[in-house]
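Enquirer: Chain by chain, the residues:
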Amino acid sequence: MIIVFTSSMFATNVNSQVARVNITLRNASVIQIIRAIENQTDYLFVYDKNEIDLTRQVDVNAENQSVAEVLSAIFNGTDVKYGIVGSNIVLMPNETVQQQSFKISGRVTDSSGNALPGVTVVIQGTSKGTITNAEGSYSLGNVPGSATLVFSFVGMKQQEITVAGKSTINVTMAEETIGIEEVVAVGYGTVKKSDLTGSVTSVSSKSFLDQPASSANSILAGRAPGVTVRRMNGAPGRESTIRIRGANSLYGGNDPLIVVDGNYSSMPDMYDIESIEILKDASATAIYGSRGANGVILVKTKRGAEGKPTLNFHSDFSFDNISQRYDMMDAYELAEYNNRVGAYPFTDDEIAYYKTNRGTNWQNEIFQTGFSQTYKAAFSGGTKNVRFYISPSYKKTTGTILNTNASGYGLTSKVDMDLSSRVTIQIETSVGHNDNLNPGMASGGGKGTIPLTAAIIWSPTEPVYEADGTYNRLGIGTSTVLNPVLITTTKNTNYSNNGSGVGNLKVKIIDGLEFNAKGSVSFGTGGSRDFVSKNVTGVSAAAAQSSYESKSWLINSFLTYSKTIAGIHNFSVMAGFEETKGVYQSLSGSANILPLESVGWYNLGLAAPNISVGSGYGNSAMRSYFGRLNYDYDSRYYLTANFRADGSSKFKGDNQFGYFPSFALAWKLSEEKFMKDQDILQNVKVRGGWGVTGNQAISDYATYTTLGDRGFYWGEVQQAGYYARVGGNPNLKWESTKQLNLGLDLTTLSGRLSVTLDYYDKKTEDLLAPVSVAAYNGGDSTFGRNSVISNVGSVQNRGFEFNINYDIFRNTDLKYEINLNGAFNRNKVLDLGEQSIIYGATYASGLSSLSPFALMAGQPIGTIYGLKYLGIWQENEAAEAAKYQQEPGDYRYEDLDGNFNYGSEDSQVIGNTNPSFTWGLNNHLSYKNFDLNILFEGVHDRDVMNWSYMIAAERIDFKQLYTLREARNRWTEANPNARFAKIGNSNKLTPNSSQYIEDGSYVKMRNISLSYRFPKNVISFADVRVSVSAQNMLTFTKYKGYDPEISSSVGDDVNSGMDWFAYPNPKSFSFGISLTY
Amino acid sequence: MKNIIPIISIITAFLVSCESNEDFLAENPKGQLFPDNFLNNETELELMNTSLYAIFARTMNWPYESMEIKLASSDDILGTGNQRPYYNQMEVNMDITVGADNDIQLGWERAYNTINQANAIINNYHNADDAVAEDKLNAWAAQAHFIRAFTYFWLVRFYNNIPLITSAFVPDVDKEVTCSSSRDIYDLIVSDLQFAEEWLPVSWTGYMKKGGAVTKGAAKSTLAKVYLQMAGFPVKGGAEYYEKARDKAKEVIDNASEYGYALRDHFHQVWDPYWSAYEIPEDEVILWIEHTVDDYSRRAPLASRPIEFGGWEFMVTENGFFNRFPEGERKNFTFITDFYVNGGQHYSYTDLTCKHPCYRKLWADDLSDGWDWENRNDPSSLWATNMTQTANWYSSRPDIIMRYPDVLLTYAEAKARTDGPDALAYQCLNDVRNRAYKGVGTTEASVSGLNTADFIDAVVWERAYEFAGFEYSARWFDLQRLELVEKATTDWRDETESKYSLVKQYTKKDYFLPVPSKEVTLNPNLANNNSEF
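So the protein sequences, as listed, match chains A and B.
Under the working numbering, the first sequence has 183 at position 183, and the numbering climbs by one with no breaks.
Under the working numbering, the second sequence has 358 at position 358, and the numbering climbs by one with no breaks.
These are computed hints drawn from the structure, not numbers from a lab.
Where hints are given, some of them may not hold.
Unchecked claim - With a straight-line Cα cutoff of 25 angstroms, these simulated DSS-like cross-link-like pairs (lysine-lysine) come out: (1) K733(A) / K136(B); (2) K883(A) / K175(B); (3) K438(B) / K331(B); (4) K236(B) / K438(B); (5) K883(A) / K331(B); (6) K355(A) / K193(A); (7) K534(A) / K581(A); (8) K300(A) / K355(A); (9) K883(A) / K509(B); (10) K733(A) / K30(B); (11) K193(A) / K928(A); (12) K30(B) / K551(A); (13) K982(A) / K499(B); (14) K815(A) / K157(A); (15) K396(A) / K491(A); (16) K504(B) / K982(A); (17) K652(A) / K30(B); (18) K504(B) / K883(A); (19) K815(A) / K928(A); (20) K673(A) / K192(A); (21) K581(A) / K30(B); (22) K81(A) / K206(A).
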């Protein structure tokens, strides 16, 4: 038996029994009238299409009649019985309710124990059945003792229960999250999931509910194929990086577009999320045009529903720890070893002293147990016509490195109003505030500002404090790098305030024609407040404040018209318009020589005349036109076409507008007649699509060449100055991505196993890239700019994705479902135009002037380029080594051109930071009131440049001591198989080589959580749910550093494989509680 | 149906209101300044000029992130390698692996950024022809010409053949730039300095005076020095250029009182960390760059401080050079050989790991508390004893780039090499020698009656002693132009430790640096820039 649910709308508002309709049709089929009623009301028809004659021709002439009147006109005198239960209209053959003799009755409830009206109850293998009433009760007569009852309801999992002589059967229905009948959001509209033509993955809130996450983005990790989420930086307040189907762009960023309830936004609080749709291919994302190239994440948030007001309260607490440490020498070992090998002249007295005083463990000095706490309340409810959802929240995270933390609070409110049966208005407002202390300590960059770098290079013989209690400022053998603990005393406080208001208008104009409009305004203020003491600078205290103000507005409107012709041609057409504009202003002031430290940044004027001020301005605007055509023939053949034109103020002249079309076709094989007779596959759909999307990529004013400001101290007081620099590029144009997608959806084992397969081929053209400008043309990395943004070439991403859901058990008490998803992606730069090579970012002044990352045609974004390490020269190779001015025991690299020198001409591809395969395995097991979630994630076949380990193990410019225990494993004649070269300066350690590239593959147990819902008879006043969980509990990797997931360049795909003391991700243990009154 | 009309009206109004604004997609870069149409008036010239000095200042004040360190061990300086392992000998004597020449890359970048800035002014200052009087306008332009010339002079002595760039920030997309011969670079330097000497004022007023804006005297002095360098290797201009150097130096000497140049009474007074321009009417500093607490100099103590006292030891004295150095006030100040800790405990440099005297010139630091500069000549002053005091890698002392003795010795040498030393040449040499020995006005260190070759030899060595250590690589450039590098790195060295032995024998090619490897990867035409050697 196949129950078919129609309607494209699950509205939360339910029309009353007296809902009025206007239908005037002659010789119309029953199905046409059903569609007409569904379009004009929020009723949903439920019927078995094998039993109801939908093609029967009738005449209807209903002017402002109630639905009941229309139904009676259609069905009176036929063998069809109809009933209105809640928002469902159920159609059944009349005979099924006539033969009642042996009676079974019971009650059907949802998982929270509420009555479920409108559930269809059918004897398996027959067409006999009934539906539950408003109390959720049913009774069914003439049931054979061996029969099986099938309970089904839209949005719930179907249940089969054997009668086995029982006369009462009570059933609890579970929500269906991966059902084929879901309605999913697509840009500017919705579509039934079964009608999708593009590649869309849904993520239900259920899967991440018990995963307290310090970053909103991280809830998507491991959830969807082709969606990789990496937390590259474990600092409080830092977001995870999301990539959908690899990186397209070198410069423009590869973050997907996140659309929350139709608003361009960022990921909301996870407790607010109802469901998430991830649009991956161009046919799905092209409606977002220039914003769509990196994929789109559509988030639907919770809203108020009719009913008594409820309060939902969540709270969770996490303890975070960095358990992995570099194994460093203690003071005695260090003094003895460094003295012995001549690296540093410790005296015998000192060495003897350290034998009893093992010194400072710098890693322990800067790491601490982090703690995070989240509180979130949601009040919701409403009447039939006015519904509300109001939610305040607070969150604070203390980091695992001293003096880092992040906190924030906010309030969101949503009010939905039906002004009439045709007009709905939604008003949403939100305000929030965030603070972040010392975010800069987390990322790559200056060696002097990262406490973790200092902790690895500082000698354990150095104390944290001097005898007089002040900080020990400069250590031995560490050049200008300060005491790690002292570094953390710097205060760099970033803050932001934001507010937004959104108004949505939805009008049903006539049957099938709907108008939507949105207006939103948002503003943000924020900035930073910085203080650095004389202790740190060594010169004088300094303080600064900077603030910005940004304002933006957006309006859009679109018309949607849906029409079914002759019952089998279903059309839907949408056309719309959108405009947005933003303005940004900033103001800053700094006191460079602050005479009194105690005033901090609160009284900058005190430092006059050693103060400076600045201000800035920026604006941008975008105007868009878009449209879509959906057509399907008999729910078997589908066509979707999208078009969007975007005009951006960032481009000039003819380059201002970009045009983004897409097309997709789908064929639902399972609806074909020849498939009707089989029962192996319940759903089979083949999809194919092609489209173009864009990337705005560049920042405001990138087409202009502007002067930079740099003043000069002519004596005591700084005079303003402006300098020319490498310029903007007036010829910039849109970067565009063409994508082909082929997909297959299968459902089998009575709907318990579903499989989705997708293949894609993306090609990004007119690639925007920063092209290095040689220093002789003024390219200056320290005081100016050293690149020009240009459209240079193209990049390809090809891949294959699979997503498998399997309900292993679906008993009433025991349920177990697993989801396995995986993706293979190959990234390749096809062409760089005039450029043969484009270098990435340089790290760590003093190590290397060249970036280890490079782009070249034929190689992926994220290629590591440098010398190939060949091991250590051995005794019997002395003659050969001498040609390189080297000796046995020195590092040996491949000399490609044979000129006995390791120069740039010897560079080759030595690594790839992109994983070739990523996967996620989600397990969800529930038994009665217990829920267990386990999520594994795997990332395979990627390289990481581990310069942290190199610094720890070697002696370099700003680190003169051997500090790592393992670093003592050095070459001597007696130890020819050593890990490291002999002591000395002829070893020619080359940072840009394969020597310190490591396998960055990992498998992580991202989350394991166990929750328990207290039954009503234990706690009667509320629904109470408690959970315990652990994040990043297990990591399987060969990687030697803190964490293979981290990167010193966050969100930058060219340079993402660098471990230069980025903030590691913690292991977290969390406790959560959730109450619903 | 009656509902539809107002709804359609709303929609139409909505669309029309969005459409009505024609300039909607126009960018409005308020507050930005654009180089395309700049330098139209005195204010705009002043803004660009100030920034040019700011960038030039950076170029000249990083001895350890610049080309200078690579040529550290001429014969006056070497690094011990105890703290910074690569800095134990002339790195030019080692093949450098790709990307490992980070420091010279930074020096190269800053120098060329300065040149491009100067070009931005030189190529556009005529925008202000109508707004600014010619002599005033040319005085602005002359500063850019001077700084461009000085920066090219700095670069050409380190690299020899280099790109000759007269455009401003125009990317060389087709990689057409090659290394021009040093001769062509020198020609541009000379013409720039000729413009500068014509139009620069003798002195400035207001903040530019106090802050070290370049002057007519500085241009003439620099030109004299350029001619002297051009006379020798590798340009080998010979007698013609010695004559030019002689005449230009004499012009400065003859007008010394107008330009305000005279020797300070004692050598150490030049290194007063609280030195300030125009404190005395006639001073010996010709070219300097102001520094402050915010914009500090890197020419500071740590580079030449023993490792036991937190130093880096990569700019210490070569032992042979120290031994040859003539006794007197100058030697006492130039070097520090005795170190006191905790108010009395004494170490000689031979007791320390360093085993070389350090350069006290770099110690003239005004930012560390308790240095007690005022009492520096008292043997028990904190200046000499307070080695437990934390020292800095920065100082707000001005960077002194050129001093009057340079002009005096340029004249003495050029005069001797053209028509033999005259009385003025002797006076120039003796003034420097006597001041070095016991101060201005004394005569005990005078020489007389030398034959020309001995006189020249005395002058060249005098330059070495007077500008020893990090006075802008003066000694190295002398060794270079006189082709004495081979001798200086072998015969004159007095180092017993094997780590100071040469990796390979010097050739003429090692007189210069290769173009940094990063730059060569961006434009392979620049590889092997000194292939003629």
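Enquirer: So, for every hint listed, does it hold in this structure?
Expert: Structure-based check of all given hints:
A C-alpha spacing of about 43 angstroms is found between K733(A) and K136(B), which places the hinted pair above 25 angstroms, so the restraint is violated. With a C-alpha separation of about 33 angstroms, the suggested pair K883(A) and K175(B) falls outside the 25 angstroms cut-off, and the hint is violated. Restraint check: the Cα-Cα separation between K438(B) and K331(B) comes to about 11 angstroms, which is no more than 25 angstroms; the hinted pair holds. With a CA separation close to 37 angstroms, the supplied pair K236(B) and K438(B) exceeds the 25 angstroms bound.
Restraint check for K883(A) and K331(B): not satisfied, since their Cα atoms lie roughly 43 angstroms apart, outside the 25 angstroms limit. Among the hinted pairs, K355(A) with K193(A) is inconsistent with the structure: their alpha-carbon atoms are about 70 angstroms apart, more than 25 angstroms. For the proposed pair K534(A) and K581(A), the alpha carbon gap of about 44 angstroms is over 25 angstroms, so the pair is violated. A hinted pair counts as satisfied when its Cα atoms are at most 25 angstroms apart, and K300(A) with K355(A) does not qualify at roughly 63 angstroms.
A C-alpha spacing of about 19 angstroms is found between K883(A) and K509(B), which places the hinted pair at or below 25 angstroms, so the restraint holds. Straight-line distance between C-alpha atoms of K733(A) and K30(B) comes to about 23 angstroms, which keeps the hinted pair within the 25 angstroms bound. Under the criterion of a C-alpha separation no larger than 25 angstroms, the hint pairing K193(A) with K928(A) is inconsistent with the structure, at around 30 angstroms. In summary, the hint linking K30(B) to K551(A) is supported, as the alpha carbons are separated by about 16 angstroms, within the 25 angstroms threshold.
In summary, the hint linking K982(A) to K499(B) is supported, as the alpha carbons are separated by about 15 angstroms, within the 25 angstroms threshold. With a C-alpha separation of about 11 angstroms, the suggested pairing of K815(A) with K157(A) holds against the 25 angstroms cut-off. Pair hint K396(A) plus K491(A) holds up; C-alpha atoms about 18 angstroms apart against a cutoff of 25 angstroms. Restraint check: the Cα-Cα separation between K504(B) and K982(A) comes to about 21 angstroms, which is no more than 25 angstroms; the hinted pair holds.
At roughly 17 angstroms between alpha-carbon atoms, K652(A) and K30(B) fall within 25 angstroms of each other, so this suggested pair holds. Using a Cα cut-off of 25 angstroms, the hinted pair K504(B) and K883(A) holds, with the two alpha carbons roughly 12 angstroms apart. Annotation: proposed proximity of K815(A) to K928(A) holds, straight-line Cα distance about 9 angstroms (limit 25 angstroms). Taking the CA atoms of K673(A) and K192(A), the gap is about 22 angstroms. The hint holds against a cut of 25 angstroms.
Annotation: proposed proximity of K581(A) to K30(B) holds, straight-line Cα distance about 16 angstroms (limit 25 angstroms). Restraint check for K81(A) and K206(A): the C-alpha separation of about 37 angstroms exceeds 25 angstroms, so the hint is violated.
In summary, the structure is inconsistent with hints 1, 2, 4, 5, 6, 7, 8, 11, 22 from the numbered list given earlier, while agreeing with the others.
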